[in-house]
Amino acid sequence: MKISSIRYLVHQGFKGIWKNRMMSFASFCIMLVSLLMVGISLLLALNINRIIGGIEDKSEVVVQIKDGCTEEQIDELKNKIGALPNVSTIEFYSKEKAWESMVKDMSDEEKELFHYADDNFLPDTFRLTVHDIKQMTQTTTQIDTIDNVESTRSPTELTDVLISIRRVLGIISGAIVVALIIVCLIIISNTTRASVFARRKEINIMKYVGAKNSFIRIPFFIEGMVVGLLAAAGALGLTMFAYDGVYSIFNDDFKLWSVLGVNNLYSFDDLFMPVTIAYAVAGALIGAVGTSFSTGKHLKV
Amino acid sequence: MVEFKDVSVTYSSGVDALNKINLKINDGDFAFVVGPSGAGKSTLIKLVLKEIDATSGEVIVNGFNLRKLRRRKVPALRRTIGVVFQDFRLIPTMTVYENVAFVLRVIDAPAKYIRSRVPYVINLVGLSSKAKSYPTELSGGEQQRVALARALVNDPQLIIADEPTGNIDPALSYEIVGLLKGINECGTTILMVTHEHDLVRYFGGRIININSGSIAFDEVIGGTNENQ
Ligand SMILES: Nc1ncnc2c1ncn2[C@@H]1O[C@H](COP(=O)(O)OP(=O)(O)OP(=O)(O)O)[C@@H](O)[C@H]1O
Ligand SMILES: [Mg+2]
Chain B
1 MKISSIRYLV
11 HQGFKGIWKN
21 RMMSFASFCI
31 MLVSLLMVGI
41 SLLLALNINR
51 IIGGIEDKSE
61 VVVQIKDGCT
71 EEQIDELKNK
81 IGALPNVSTI
91 EFYSKEKAWE
101 SMVKDMSDEE
111 KELFHYADDN
121 FLPDTFRLTV
131 HDIKQMTQTT
141 TQIDTIDNVE
151 STRSPTELTD
161 VLISIRRVLG
171 IISGAIVVAL
181 IIVCLIIISN
191 TTRASVFARR
201 KEINIMKYVG
211 AKNSFIRIPF
221 FIEGMVVGLL
231 AAAGALGLTM
241 FAYDGVYSIF
251 NDDFKLWSVL
261 GVNNLYSFDD
271 LFMPVTIAYA
281 VAGALIGAVG
291 TSFSTGKHLK
301 V
Chain F
302 MVEFKDVSVT
312 YSSGVDALNK
322 INLKINDGDF
332 AFVVGPSGAG
342 KSTLIKLVLK
352 EIDATSGEVI
362 VNGFNLRKLR
372 RRKVPALRRT
382 IGVVFQDFRL
392 IPTMTVYENV
402 AFVLRVIDAP
412 AKYIRSRVPY
422 VINLVGLSSK
432 AKSYPTELSG
442 GEQQRVALAR
452 ALVNDPQLII
462 ADEPTGNIDP
472 ALSYEIVGLL
482 KGINECGTTI
492 LMVTHEHDLV
502 RYFGGRIINI
512 NSGSIAFDEV
522 IGGTNENQ
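Line order of the protein sequences matches chains B and F. Per my numbering, the very first residue in the first sequence carries number 1; after that it's consecutive. Per my numbering, the very first residue in the second sequence carries number 302; after that it's consecutive.
These are computed hints drawn from the structure, not numbers from a lab. In this text, all values refer to a predicted model and were calculated from it rather than measured experimentally. Be aware that a few hints might be false.
[Unchecked claim] Lysine-lysine pairs mimicking DSBU-like chemistry, simulated, CA-CA at most 35 Å apart:
1. K95/B with K66/B
2. K15/B with K433/F
3. K212/B with K482/F
4. K2/B with K351/F
5. K212/B with K15/B
Pulled out of the complex, with its shape left as it was, chain B reads as follows:
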């Protein structure tokens, strides 16, 4: 295809946007809002996932060792548990260490009180982390059956909650994305339908003089894509603005998060490229695909 033809087609595409400016603007707005909602829900899901992931990484299983085990027995037990496939790290925590750390955390009065305790009543323990938090319960049941294990304690209730939060979050954000993409496709295809209808005479004549379908489609394609890209640019700007606001609230004003040992939010600098690419691709693709839905049936002459 010649450069002059490409210029002509691109020009026709932009002219279509202008001629059809009310509809173009409407679809721009709807796409902007939709992209924004998709973007925000995905960013939210991403950050909640990160926070939950941080909590999960810190959730430990505590394995209480039977009283009176020899050092060899403890070593043997450590190897046995460490060899379980889901166990990530395992650390021995002696009763002395446990006592020390308990005392350290006490207030002076409490220390007074405990002074009278004549013996260290704390057990020897292992603290271990797992690879897959979903299999934590299975793993602890397994450990329970091993010799010399007195009992296990794990934050199963908490992890169950976290797991279901993650799952629900995944479903909701997936549903939002799918629903909004469908809405966008319908809107864009309706806009083009109006544009195609406005130019149906022209298209009809083009068909009679031997225009290829691609030639007729390209301007509409460009029209949809440009509107999609503009909406993507708008959504990106608004997202950046909103995200920075939220980010600064969480990171500057509430040190609480880090006190709780929770991961920080992603900074937008880290997200800028993926978000930009995602918006641009989604905008252009939805715009382009939406137009091809509605041009198809007008081309049969």
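Got chain B sorted already, so can you dock chain F with the ligands onto it with the hints?
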């Protein structure tokens, strides 16, 4: 060249529009197609443009066998044909120049060729002074001349015209057919559907009369204008 071999057309509504038509129009011919309303004249034109397909039989146009022609190749067929309609079908938002240039853009012609060819054909139909006007600023006869320029601009082998004079003043009809005759003398085959018997009698030539989907007669008659 246009050739029909035992061509029948039955619309999905059940109407038999054409019935085993056999017809051959050679390169350089000028043929009028006449007949009563509903006889099947427009159906014949639609077959040539592959707007519809024959229910049976073969249609061959400018070397394309339309039965075997793929959808994708239809543009190639249509680029060898110029079409003129009764209702002009000009694009109201484009000037005369743009309406004509548009055809060449569609077929991806070089910009330089467009700049020289378009004024040439506009001059040929006598509208040079109106090149920048919009269709609504023109009379019916002038609009049809623009449509004729548009049909001509791609230098087609064949021009088909379905009642090109149907919407214009009878006096101006002679002008349009005169232009078509001139184009024909330069070697372009012309197939023109018309209801105006005076026009046919005046110009003469090959007359194909269709009645109820069949060819009633197909003869060459002398025109009255040549006797003067
Ligand atoms: N798309 C269609 N679907 C069903 N029937 C059709 C269709 N087009 C035409 N017909 C029928 O086919 C027959 C021939 O129609 P056609 O348009 O070829 O006539 P015509 O000779 O061009 O008439 P006119 O001089 O009035 O233009 C008519 O009976 C018409 O009703
Ligand atoms: Mg007709």
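Q | Unmet hints by their number, sorted upward, for this structure | A | Violated hints: none; all satisfied.
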